[in-house]
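Visitor: Below, each chain spelled out in residue letters.
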Amino acid sequence: MKRKRIVSNAVKNGLLALYALFALFPLFWMVLISFKSDAQMFNTTFIFNPTLENYDAVLLRTDYFKYFIDSIIVSVIAVLISVLAGVPAAYALARYDFKKKENLAFTILSFRFAPEILVVLPLFMIYQKIGLYDTYFGLIWVYQLITMPLLIWVIRGYFEDISVEIEHAAQVDGYSWWQVFLKRLLPLIKPGLVSASLLAFIFAWNNFTFPLMLSGTYVETITVASLKYIASDTVHYGQMAVAATVSALPAVIFALLIQKHLVRGLSFGAVKG
Amino acid sequence: MAFNIKGKQPKGAAKNDLNTVPWLTKARPYLIMAPSLLITIGILIPFGMAIFYSLTNYSFRLPNYKFIWFRNWINMFTDKAFWHAVWVTVRFAFFATVFEMLLGLGIALLLGNTENRFTKILRVVLTFPLMVAPVIGTIIWQLMTNNAVGILEKFLNLFGIYNFPWAASHATAMFTAVLIDLWVYCPFVIILILAGIQSLPKSPFESAKIDGGSAWFTFRNLTLPMIKPCIYIALLFRLMASLQEFSIIFALTKGGPGDTLMNLSVTAYNTGFAFQKFGSSLPYILVLWFIVNLVAKQIVKRWMQSQKAASGRDAAAEEGGKS
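Protein chains in written order, with my numbering: chain S, 1 to 273; chain F, 1 to 323.
Be aware that one or more of the hints could be misleading.
Claimed, not checked - According to the in silico footprint, chain S covers these stretches of chain F (three or more CB under 8 Å from chain S):
no. : segment
1   : 65-75
2   : 85-95
3   : 206-216
Claimed, not checked - Examples of chain S residues toward chain F, derived with CB under 10 Å:
no. : residue
4   : K4
5   : V7
6   : N9
7   : K36
8   : F48
9   : T51
10  : Y55
11  : I77
12  : L123
13  : I166
14  : A170
15  : T223
16  : L227
17  : L262
Treat the hints as calculated values from the structure; they're not laboratory data. Since the model is a prediction, treat every value here as computed from it, not as a measurement. Heads up, the beta-carbon is just placed ideally off N, CA and C, and yes, glycines get one too.
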C-alpha cells in the first residue's frame with residue numbers, strides 16, 4: 001500500500017515536471033540565447049561565452065527604448081482612465097438597483113469579447129478622418145475596450161463582497177455618500193483594485209491587434225515593434241530574444257505580485273479564487 | 001420610501017413610489033456610470049458602421065464609394081476562400097480548445113491533489129506563459145523551431161529527425177499554431193479549474209473515502225459536477241478567444257503557408273488592409289462575430305445550469321456533513 005503510494009506520487013510529480021518543462025523551458029531558453037553572440041548561435045547549445053552585445057545593440061542602438069516608453073505611456077494612462085471611470089460604475093452596479101442594470105453590465109462586458117478586428121476596421125476609418133490615427137490618445141481610447149470591462153466586472157465583485165452595513169454605519173456617523181465611498185469603501189477594496197489594475201495593465205501591454213492597425217510610425221508599441229526583428233533581412237536571433245525578453249519582463253513581474261487575485265481577474269469575477 | 005402619502009389609485013402606486021424619490025437619487029446610478037459608458041460606447045458607432053459599410057464598395061483606394069447592397073455578402077458566400085476560412089477557424093478553435101481543456105484539467109487535478117513545496121512553486125511559475133504577450137510567445141517559438149539555431153531542431157536530431165518543417169509546411173502549420181496556443185493559454189485553464197478544485201468542500205470526499213469509492217467514481221460523481229462551473233467559464237473564454245485568434249497566427253505565418261492558417265480574422269485583415277477592399281472585408285468579420293455570439297450564448301446557458309446544480313450539491317453535501 002505504502003509502496004503503491006510512493007509510485008503514484010512519483011508518477012504525479014513526473015507528469016507535473018514534464019508539463020513544467022514544456023511551459024517554462026521556452027522562457028528559459030529565450031533568456032539564455034539573448035546572451036549569445038550571433039556566431040555562437042549556430043555552434044553552441046547550452047555552454048557558451050555570455051555576452052551583452054545583443055542588449056547593447058537592441059536597447060542602445062535601435063528605437064526599442066522608445067517603443068518601450070510608448071507602451072508604458074499608452075498602457076498606464078489607459079488603466080488610469082479606466083480606474084477613474086470604472087470604479088464608480090462598478091460601485092453603481094454593485095449597490096444600486098436600476099432599470100436595465102444587467103443589460104448595461106453585459107453590454108460593457110461584450111466590448112471585451114467582440115472580435116478585435118471588427119472594432120478596428122471601422123475605427124481605422126474614423127481615426128483617419130478625425131486625426132486620431134497613430135496618436136497616443138487614439139490608442140488609449142481604444143484600449144479602454146480591454147481595460148474598462150475588466151475593471152468594472154472585477155471591482156463590482158469586490159464591492160459586492162463588502163456588507164452594506166458598513167456603509168450604513170458610516171452614514172449614521174455623519175459621512176456623506178462621497179465620504180463613505182472614499183474613506184470606508186476604497187480602503188477595503190484597495191488590494192483588489194490594485195491587482196485588477198495591474199492585470200488590466202498586463203492585458204493592455206500585451207495587446208497586439210489594436211496598435212498594429214491603429215498606429216505605426218509616430219506611436220509604436222513594443223508588441224508590434226518586436227515583430228519587426230523577425231522581418232529584417234539579416235536575422236539577428238539574439239536581438240530577437242532580447243526584444244522578447246525585455247517586453248515580457250514587466251508582465252511577468254506584475255503577475256508575481258497579483259497571484260492571489262489572478263483567478264478572479266482572469267475570469268472577470270466569475271470565479272472567486 | 002414605501003409610504004404613499006398622497007394615495008392615488010393603487011395601480012399607479014408602485015410608479016408613484018419612484019416618483020416621490022428625488023430625481024437626483026433616481027438618476028444617481030446612471031450618472032455614476034455615465035463616464036465609463038461614454039468612454040466605451042464609442043464602440044457602438046464602429047459596429048453600426050461595419051454593418052453599413054459591408055453594403056458598400058468602400059476602398060481606401062477609391063475616392064468615393066457606392067451602395068452595392070448585398071454584393072459583398074453574395075461574393076463572400078460564393079467564394080471558396082470564405083468556406084476555407086470558416087473551416088480553418090473552426091478547426092483551430094476546436095483543436096486548441098480541446099487540448100487546452102484536457103491538459104489544463106489534468107494538470108489542475110494533479111496540482112490540486114498534492115500539496116508540497118514543488119506544487120506550490122509550480123502554481124505560481126506556471127502562469128508565466130500566460131503573462132507574456134501571445135505575439136512575444138510566438139516569437140520565442142519561432143526561434144525554438146528555427147531549423148538553423150532552434151533548440152527543438154537539435155533535440156529532434158537526437159532521434160534522427162532532421163529539418164522538421166513546423167510552421168513552414170502545409171502539413172504541420174496547424175499543429176505548430178495549436179501548440180503555441182496551447183503553450184500560451186493552458187495556464188489559464190489550469191488556474192481557473194484549480195481554483196474550483198481548491199474551493200471544494202472536504203466532507204463529501206471524506207465520506208466517499210470511507211465508503212471505499214474508487215478514485216474514478218469520486219471524480220465522476222463528486223469532483224466533476226462541482227468544478228463544472230469553473231470548467232464552463234474556462235471553456236467559454238478559450239473558445240471565444242480561439243475562434244477569433246489573430247495575434248498568434250499573424251505573427252507565426254500571416255496565415256500561410258499558402259492559405260493554410262487563413263482563419264476569418266486573418267482573412268478579414270488581409271482583405272481590408274493588404275488588399276484595401278474595406279467593404280468586402282467586413283462581412284467576414286461580421287460572420288465571425290455571429291459565430292462567437294452563438295457559441296458564447298450556448299456555453300453561458302450551460303454554465304448557469306451547472307452553477308445551480310453545483311450549488312445544490314454543495315448545500316446537500318454540507319447538510320449531509322452536518323447530520
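Visitor: Would you mind marking each hint as holding or not holding in the structure?
Guide: Checked hints:
1. 65-75: violated (count 0)
2. 85-95: violated (count 0)
3. 206-216: violated (count 0)
4. K4: 12 Å, violated
5. V7: Violated, about 14 Å.
6. N9: At 7 Å from the nearest chain F Cβ, N9/S passes the 10 Å test, so the hint holds.
7. K36: Holds: closest Cβ of chain F sits about 9 Å from K36/S, inside 10 Å.
8. F48: Violated. Min distance 12 Å.
9. T51: The hint is violated - T51/S has no Cβ within 10 Å of chain F, the shortest such distance being about 16 Å.
10. Y55: 16 Å, violated
11. I77: Violated, about 12 Å.
12. L123: Because about 5 Å separates L123/S from the closest Cβ in chain F, which is inside the 10 Å limit, the hint holds.
13. I166: Because about 19 Å separates I166/S from the closest Cβ in chain F, which is outside the 10 Å limit, the hint is violated.
14. A170: Status violated, d = 17 Å.
15. T223: For T223/S, the interface hint holds, since the closest Cβ of chain F sits about 5 Å away, which is under 10 Å.
16. L227: 6 Å, holds
17. L262: 6 Å, holds
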